[in-house]
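Q: Sequences listed follow chains A and B, in order. Numbered per the numbering used here, the first sequence spans residues 198 to 900. Numbered per the numbering used here, the second sequence spans residues 1228 to 1970.
Rather than coming from a laboratory, the hints here were simulated on the basis of the structure. Mixed in with the good hints there might be a few duds.
What the hints assert, rightly or not - Not close to chain A: a few residues of chain B, all C-beta gaps over 12 Å, as computed:
1. Asp1561
2. Gly1633
3. Ile1724
4. Arg1848
5. Asp1856
6. Asp1892
7. Asn1936
8. Gly1937
As the list claims (entries may be wrong) - PhoX-like, lysine-lysine: derived pairs with alpha carbons at most 20 Å apart:
9. B:Lys1708 <-> B:Lys1739
10. B:Lys1957 <-> B:Lys1915
11. B:Lys1739 <-> B:Lys1668
12. A:Lys543 <-> B:Lys1443
13. B:Lys1630 <-> B:Lys1897
14. B:Lys1695 <-> B:Lys1652
15. B:Lys1545 <-> B:Lys1400
16. B:Lys1400 <-> A:Lys253
17. A:Lys603 <-> B:Lys1897
18. B:Lys1443 <-> A:Lys258
All C-beta atoms in this analysis are idealised placements derived from N, C-alpha and C, irrespective of residue type, glycine included.
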Amino acid sequence: MSIKKISALILSLIVIASVLVLPVSAKKTDDAPYLGYEYDNESRSVAAPITYVHEKTVSYKDLGLETAISTPTDIMRRENVIYVLDSGNGRIIELNLDLTLKGVRDTFVDSEGQPVSFKGASGFTMSKEGIIYIADKENQRILGFDGNNTLVKTITKPETSLVGFDFEFDVDKIIINNQDLLYVTIASVNDGAFTFTQDGEFLHFFGKNTVTKTVDVILNFFKKKFLTREQLQKQMASTPISIANFDMDDKGFLYTIAATDKLQKSSAVRKLNFKSGNIFEVNGVVKDFGDLEYDRLWWNYNRFTNFTDVDVDDLGFIFLLDVGRNRVFQYSADGQLIGTFAGSGKKYGLLQSPVAIETAGTQVYVLESNGNIVEYKPTEYATYLREAFLDLDTSDPQKAINAWNKVLELNTNSLYPYYGLGMAYEKLGDYKTAMENFKLSNSKAEYSDAFREYRKQFIADNLWYLLAGVVVLAVVITVATKFIKKKINASSNAAYSVLENKYTFPIYTLTHPSDGFGQFKYRTYLPSWGISAIIVVVLFFTNVIQYFGTGYCFNDNTAADYSIFSTLLATVVLYVLFVVGNWAVCSLLDGNGKLKEIASVTAYSLIPYIVSQLICVVLSNFLAGSEGITLTIITAIGVIWSAMLIFVGLGAVNQYYAGKNFGTILLTFFAMIVLALMMFLFFSLIQQVLYFIRSIWDEYQLR
Amino acid sequence: MKKLFSLRKIVCLCLALLMTFSLFTVSAEPTVDAADNNTSGETALEGYELVAESKGTKMFADMSTGLFKLVTADGNVYNSVSDSMENDEITVGKNRMAYASQLIVDYAVVDGFGLGGLINTTNSGIGCMKTVEEIENGIRVEYDFSIIETVIPVEYVLVDGKLNASIITKDIKESKDSEILTINLLPGFSAASAQDTGYIFVPDGCGALINFNTGKEFNEYNKLVYGGELAMPTEDHHTDELGEIRMPVFGMCQPGKKAFLGNIIEGDGSAYISAMAGNDTFGQNVCSAKLSMRTVAEEKFNNANGQLVAFYRIGNAKYNLDKFTVQYTLLGADKSDYSALATAYREYLIGEMGVKQNDNIALINVDAYGALEVAANFLGFKYTKLIPMTSYEDLTEILGSLKDGGIDSLSFRYIGWQNDGITNKKQLKKNKLIGTLGGNKGWKNLQSYVEENSIEASYDADLLTYRKSTLNNSVSTAFNKKAVQYIRQRSTYTKSITIDPYYLLLQDKVVKNAESYLGSINKSVKNISLSTITNTLYSNFKDDKSYHRSDFPELTVKILKSYKDAGYEISGDNANAYTFPYLSRIYNAPTSSSSNSLFDSDVMFYQMALKGVISLTSAPRQTEDRIGDEYLKAVEVGSALLFNGIYENATEVRRLREQYLYSADYQLWKDTAVAQYKEYAPLYNSVKGKTIVSNSEVASNVMRTVFENGVTVTVNYNHEDVSLDTGTIKARSFEFTKGGTAQ
């Protein structure tokens, strides 16, 4: 027996003995000292079952190693073997999937038998042929060892002008793709990965952020100005980000993560295709990863998510290791959050300083900086949810329905099962059920599609009733028009038409603004505070109805967020500001309009706008999302009509010519801003005083 | 405003550890070799004199140092301090002295200037004088801490073969400028050395074991009995706090040799349980009880420079009982495992606390959730309204469909059936039915259904918490601010800004409201579930109405007694030990620990002590931290099963405090309930009212429990089948035998 064999035997005996003496730390039951949650579509955490629980933790003692694992930097799995890069000792530890020791590779030699050390290495990978490539950061080289621990490849800094400047070849992380190309990140060159052949030939950069064009930057600026809050939340990718770590799936997609600022959204996860296009970026909007909520402690307003490693499992699920909160995030291949697990602390299942993550089948392994390896297993909920996600694109909707119902049984809070059921029922042609489910999952676009199909079905089913209805409506309108015309014509020999009395005057001015508002000057009983007030009140309620009554496809509002003050501000306050502003400006500039006249003109002129908005509210309940242009056109007509009425009306009551009228209206807007500013100053002054009183009170209490 | 605070001179502390005992006394102490004391315990007792004897247990004391040893009839010796420190080459630093001492005192020096530093306790000259005198059945030792001019008297007496160690708190003399925070009583009692094998038991959640010398990094277990101080809420948590202590006990077992159970019989409302296992720097295994005299509050501010500054203040409420007593029950070789500890505690509960045996709850229990408050608006005006999740008649539907499934043994607890629904908006003073749940008519229908089908019903009332804070009705922190109980954001564990917090009612109001509520309870109610008051206690640090948590158990007991005297049966929820004599059921009995990495395994101690005495249910399936093991855990200890049930509007809870009800829609779990009922009922019925004799792990993740009537159940928690000498048990399944025959 050779010495090597004897030592191997002794080693294995030690291993067996130590396993017997030192059982791995295991707990009997599936309890977890952390909470499960998902995010809803407003980025709020919502309770969900826990997805993964602690299975076991092993330390070097549990493995039977004599030397403690020192600054481990990477973990990988090939088939049924887990490899740990024990960087501080310059060795590789091989483990079986149940976290028992398989072997230790600690003597590495070059072709001449001289020892080679890679202490301080920061990453490694293994080719199909079993060659382990080690990113030897300390010595600025990549070493390839065969199965006998003999050096077979060495890659050093490429002699190329591509990079364009002098840089350190401090190789950091390394992976190999299915075409046997090596992808390497360099700590000092952080805008992409170097690709090498296994023979050390430098090919090109990969995953480099395309430099954003100036035009795009300007465009983004305006987008940010005009987008809604929700849209803005989906932050634009306008700054280049570095690659901190990466992984590659079977299909050749490269998943990269970048270090993030503590307050920055964690939009730093990218899924790159072979052209380095980001799959997670759609129309310039990037998917968010990590925690979307902030710490609410005022002294510690922080986002904390800080990814350090990524792993894609065999089914395409993405695992991200967050060292900000020592948590693992799992996402579907499309970037939907499956769940999070672990956290910081000294409890089973919590982590203290995780370094890297790896998966094998359903199990997840986290490597900690003290050399401990922590294994997690999925719960029933995670198993069902993952299965259901895989069934999303299935051709068998019934199978998907079964899968999603299993998820629903365990979690009625989650939006995913409703979305999944919606998709399945849509495939089955049950659009009504699909719509209900899409509504529950808050999926507007999908709801809109299902709604269009449902409407089509409805019209086809009820064609004759609908046609009859249209005919009846046409007859009613014709008869009514004739009747009204007759009534108006009956008194046409009077000085003024029927409409030209005080109470129907707002209707008359709709089509006769110049004449109508002109009459204010000599029939002084026409302008009315009361009617104006009623119209403004109607405007207010139109706004309320719009908030709540707009069809689901077009309604981004949530009832809980409604604020009566913002509606007041957008209607009554704005109206008052405009009237007062115009009156003030015109009084200074020889305008003849009285406050009452200006108030009436403005109010009467708003009628087209109000009517257009009410029509939109009704129509929005019958239109699908893609047909929104109709609503825009109707709104535009209402706005232009109202604007025209205001312009003509103010000209008439102030007795201005067009140019001066235009000028005073512009000045009115300026006056409105000044007025608003004054109000703001007044309120903030009051607030300051209250704040001062409050702080004195607080201090008094604490003394 | 921030600047103002930086100029303040705030009351500050300096924390320090003080040893009762100087080095020379350690060395002067006679050593006892536990291994050969079976032949004669007396040989190692030089310098000690016999001071008391009770039921075969003798107490020997060193009248100059106050150290004592207990020698039981079977020859086991229990030392009042660690006796192996002399030969201990592992323990380093201050711990060497600490665990050879009878008291460890944490105190604060009130100096009024900034933050003080730590006082180095190893300075010579620190230490204390002791006056030892013999009293009836024991000794009284006065510990005089000259450095802080503080005298602490402690009595050690033998009663019924047990040791009662009492800090006489009313006789403690403190100086003006130092205040005692905690006193660790007998920290090294019967400490096990690095050579011993065994484990420490702590009552964390359901209970947990810490193996001796497990080599884990320094990690001391130190937890307040009955939960943290709610009147000093902390804002920054990074993990979920689980596994509150519900029973004021601890213990240490050296299987085959000896064991002891520590039981805080006076002052349990304000005590810590502390434990530490040996590791690379600590050669001892210890556990003890710690009296919490005062609490330190922390408040954080940003000063003028934007730096974070923490201020400390001692709460003005302090321990308010005359004594703090820990009873040590000494157990011999045949009773040296955790099952014996549970049995000893059960004997105490029945014999001394007067707990009546009454275990007869139905197997399937439904926690029905009634009305939910949601936000609504009318024409843009916001208001809140109650919507039904389970109306009075819906509940009969749920019960009916379970009955149709073949479940004969059924009961429910109704939460949110009155006033403001699931959580109190205003403090609960009078019982009112809810119109949206069906009002009087629906209620009557429910009552007649319950009567016809003889279903056991319990109705929940929360006498402690409410959401709408009114002036002067809630307890305050030491900084005189309302002690707001925030709901935590699940992602960050910090306060949620979208979910309303709640408040804790002032103690005197609690008494008042409990009284007025009692007079208003609907005639049909026979069993009232007082969930919060059976598992919550807190202090109040408001200047004029200060109240210390040590008094809260007495307040609770008074209320429970008044309800019991009025003829009600009372149900508790995850209940604290002092409520046991008044409860007929405990819902949601703890089934897991806090998963502290110091623990080596969880044990179902809570159930082992109470099964067969008080009706118990498991925790509800699928809530919070529990992941589907609840059923097997219930089977292991013969608990009834509990299901959260709602009838409609399940998706409404998503954004609310009730979001934990994510798996409560009864349609989704009723088949599971029926299946579990059919499988479990034969076993459950045969162990109803029967206590647990022993519980042990027979193979990895396979637990076996023996009940007093000989019924034995073996539960396999593994995801694989397991072969035992008695046959194969399927994965995640169980088998049981009645007097030797397999079922």
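Q: Confirm or reject each hint.
A: Against the structure, the hints come out as follows:
1. Asp1561: Its Cβ never comes within 12 Å of chain A, the nearest being 26 Å, so this holds.
2. Gly1633: Holds, because the least Cβ-Cβ distance between Gly1633 of chain B and chain A comes to about 20 Å, which exceeds 12 Å.
3. Ile1724: At roughly 6 Å from the nearest Cβ of chain A, Ile1724 of chain B sits no farther out than 12 Å, so the non-interface label is violated.
4. Arg1848: 10 Å, violated
5. Asp1856: Given that some Cβ of chain A is not farther than 12 Å from that of Asp1856 of chain B, nearest at about 5 Å, it is violated.
6. Asp1892: About 6 Å separates Asp1892 of chain B from the closest Cβ of chain A, which leaves it inside 12 Å; violated.
7. Asn1936: 26 Å, holds
8. Gly1937: Nearest chain A Cβ is 25 Å from Gly1937 of chain B, so the label holds.
9. B:Lys1708 <-> B:Lys1739: Violated - the C-alpha atoms of Lys1739 of chain B and Lys1708 of chain B are around 23 Å apart, more than 20 Å.
10. B:Lys1957 <-> B:Lys1915: 25 Å, violated
11. B:Lys1739 <-> B:Lys1668: 30 Å, violated
12. A:Lys543 <-> B:Lys1443: 11 Å, holds
13. B:Lys1630 <-> B:Lys1897: Given pair Lys1630 of chain B, Lys1897 of chain B holds - Cα atoms ~10 Å apart, limit 20 Å.
14. B:Lys1695 <-> B:Lys1652: The given pair, whose Cα atoms are some 5 Å apart, holds under the 20 Å limit.
15. B:Lys1545 <-> B:Lys1400: 14 Å, holds
16. B:Lys1400 <-> A:Lys253: 50 Å, violated
17. A:Lys603 <-> B:Lys1897: With Cα atoms ~14 Å apart, Lys603 of chain A and Lys1897 of chain B stay inside 20 Å; holds.
18. B:Lys1443 <-> A:Lys258: 11 Å, holds
Taken one by one, the earlier hints fail for this structure at numbers 3, 4, 5, 6, 9, 10, 11 and 16, listed in ascending order.
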